[in-house]
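Protein sequence lines, in the order shown, are assigned to chains U and L.
By the numbering used here, the letter at position 273 of the first sequence is numbered 273, and the numbering carries on one by one without gaps.
By the numbering used here, the letter at position 8 of the second sequence is numbered 8, and the numbering carries on one by one without gaps.
In case anyone wonders, no lab produced these hints; they're calculated from the structure.
Just to be clear, a hint being listed does not mean it is correct.
As the list claims (entries may be wrong) - Restraint-style ranges between C-beta atoms, simulated for each label pair:
id, chain 1, residue 1, chain 2, residue 2, range
1, U, 124, L, 20, 48 to 54 Å
2, L, 20, U, 3, 51 to 57 Å
3, U, 452, L, 411, 52 to 58 Å
What the hints assert, rightly or not - 25 Å max Cα-Cα, derived SDA-like pairs, lysine to any residue:
id, chain 1, residue 1, chain 2, residue 2
4, L, 185, U, 316
5, L, 183, U, 245
6, U, 316, U, 269
7, U, 159, L, 25
8, L, 183, L, 109
9, U, 98, U, 58
10, L, 185, U, 222
11, L, 185, U, 269
12, U, 326, U, 447
13, U, 316, U, 58
14, U, 210, L, 132
15, L, 185, U, 127
16, U, 159, U, 98
17, U, 159, L, 74
18, L, 185, U, 210
19, U, 431, U, 320
20, U, 126, L, 263
21, U, 210, L, 79
22, U, 159, L, 396
23, U, 126, U, 353
24, L, 282, U, 245
25, L, 185, U, 286
26, U, 159, L, 109
27, L, 282, L, 320
28, U, 159, L, 79
29, U, 159, L, 90
30, U, 210, L, 52
Idealized CB from N, CA, C, for every residue including glycine.
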Amino acid sequence: MIATRLPQLIDGLRAVVGTDGVLSAHSDLVVYECDGFVIEKNCPDVAVFPRTTAHVQAIVRLCNQYDVPFLPRGAGTSLAGGCLPVGGGVMIVLTRMKEIIEINHRDRYAVVQPGVVNVWLTNALKGSGYHYAPDPSSQGACTIGGNVATNSGGPHTLKYGVTVNHVLGVEAVMADGSLITFGGPTEDPKGLDLTGVIVGSEGTLGIVTKVWVRLTRDPQGWRTLLGIFESVGDATNAISAIVAAGIIPAALEMMDQGILVAVEQAFHFGFPLDAQAILLIEVDGLEAGLDLQRDRIIELCMQNKAREVRQARDAKERLLLWKCRKQAFGAVGRLSPSYCTQDGVVPRTKLPHILDRISSIGSKYGVRIVNVAHAGDGNIHPILLFDERDKEQTARVLLASGEILDECIACGGSVTGEHGIGVEKIEFMHKLFTADDLEAMRRLRTAFNPDGRLSPAKMLPTAGACGLEQKHPARRAAM
Amino acid sequence: MLTSTATENLPLTETFKPADQAELADVVRRAHASRTPIYPLGGGTSLGFGLVPKSPGWGLSLARLNRIVDYPARDMTITVEAGITMSALAEVLASEGQRLPIDAPHALQATLGGVVATNTSGPRRYGCGTVRDYVIGISAVDGRGMPFKGGGRVVKNVAGYDFCKLLTGSLGTLAVITQVTLKLKPVAEAEAFVACDVPSWDRAEALLAALVNSQTTPAAIELLGGAAWADDAALGPAAPRSIARLAVGLEGTRPEVDWMVEQLTHEWQALDVTKPHVIAVKEQVDGLWQRLTEFPASAFPTSASPLVLKASVLPSKVGEFCRRVLEIDPGSSIQSHAGNGIVLVRLAEFTPADSRRVLISGLQPAAAACGGTAIVLSCANGAEMTRQSIWGGAGADTAMMRSVKQQFDPLDLLNPGRFVYASL
């Protein structure tokens, strides 16, 4: 049992980071019992707050010495239980490592500690002509270390790519406490691209203590359009037509009528409440090309039966539109006491099909579903509305969720575009991957994390349980 | 052109040409059972990359795995087998107005699998990125003969570990890549270059630094030096006393390219560049892209250069690195993807023994002084080279790479002895 070794371990941790860097009282630890995935909860035995890389190394070595599991945590905004301390142990909270170490404008990179909040870097770069491209909707709270762990996306990934496309290198404390730098400010480091492997590994391969990120030139201009459609089918056909026409918008987002009503109540933008779907389409780049792209997009929307296409009049209206989109989830509280967001991906041409299926699945289970989507990427976020106090309703929501994700797989897609597998979607891994694929993933984890003390019970089903039904209706869902 | 000499520096006892992944996995399983090394073969255009292998083994040709598995053009993705040549792939994509913007030399022979395994890139990497930005799904067979895959067929996907990244640039040492899913880009409607002559390396850095703040969005920023570029068909003869040429590649819609050509010309005039040279005639533009793509490999298959080096330094140190290279070998030719800090050098002189010395005591320290590293892309007399001279020795991360290798190819049968890790 961990409990017997705990007092000594806590003394050791205090010696490393000081008394104010260790929490071990249950009342303090409940904050760390889950991330944005609130169905399954478990308190860590200790939460520890390193301020330096050397602290992280010493903490990891102590955990190994006392044979206690450990895992990293950023701001806890992840949505799939990536920082749920399964089996307890030591939670290494990186929010005190929050320094922007260097911004090198000439060589187009920045170096940050993992606890730097995404938007802090955005703010630090304002006016420099450069920005850090990944902009998850939670960017005001989420940390760059967490973005690296989950390979975060955001609305602008359609043109600019996800986190891994912008990470040049990482310094990481390995599972044994050793420190290794992978990559760095120069491109094409020799040997294997282990930076690319660590990004998105959900904290199972190492604890990232420093990140080199690529900076991206600010676009010269934007055109932000609002396409209003009488049916979801028309809207998704328009998306397909835009992508097929070879236009790569910076962002191409969809909201259906259900979510639109809530967003309108919250932000009073003036959305037409009788429209069945809206598209938020942004093209950016050189002014010289923007009007042409805008006109072509309007034409394609109108060909696909848009009621109208409006253009944001000025920067203020553009920002309001984006606020409506990025805070859409917050507005869902107006619709129901609880909600469950899914993160499926389908080929973009399958969007009409999957949204149609989501609607039927909702009817079949008697669950109301509203939709937000990073539609240009085929990444859907159906939001299932329910009341978690009603166990029978909750069970139906979980069945409907599972059926939606199964349908994504059947379309040739994936069960997660940007939120991660965590603990929430482990049961889907054997549907996406063969036993051999999962064996190869296990081997990769073994190379980095041979004793399995780092972030146990995440991402991969345990060998024996592979293929077994693991549904725990009262426990597994993203809320 | 590709001749039978291309595989001569591999110690092959036999070559297999499996028809599909199942047959390929079977060959690897037999090799595993008999502890026979396996040398994966694509188009044979990069066999000089890495150390020269010494253990006799089987060639494993991907030539028959060259099918297009699925091309949903409206999704802008394609799934193909790894043995497809880059030119065949480009042709299929062009029929839908799409492309994979990775510049690979010898596209008629080079295969996609080889390009992924060697992480080949060219001038467009500044504007378009590299292989790792395009591979969204991958299938491969590991050193035990076990087939596995990672990623999928959708453009956004974070389910499971990213084998696409793991295998890109792994030089076939972890697994034999059999199938790849790519995300694609539309072809550019218009292209042009704006170029100028550069009188000094300090001046080169001043112009490169200014490009960081340019209003234009270049697809390529190429700094070119030495005999190979002195009288280029598109760039024309170099000005007297110029030490290098700077060529900026522009892509986009016609109005965008027209605007950028004008804008960059203005920006350079404001910096006292005397004669910005615009290259806009299609044949000239295509020809220049072609030469910029082929430069590192133009000696293939019979090397005219004793050694081709690839350095990766800080972009701000590119000029400084070029200066140091020309001090070491005034006869060398240089192409730098300067926006990315990549510098390719074709050395002119040196015997094999001198090459080793100049790499270890000259070029590698020069790269280190510029914040980076240098490796050898190809070498006329590779048999006499060492791990230190080809790969610059082991880094702090090499031990972790070796642990990964151990997991995927425990008997060290896949391309043994060629890559950064010493033998297991």
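- Task: Quick one: which hint numbers does this structure break? Sort them smallest to largest.
- Result: Of the numbered hints, 3, 4, 7, 11, 12, 13, 15, 16, 18, 19, 21, 22, 23, 26, 27 and 30 do not hold.
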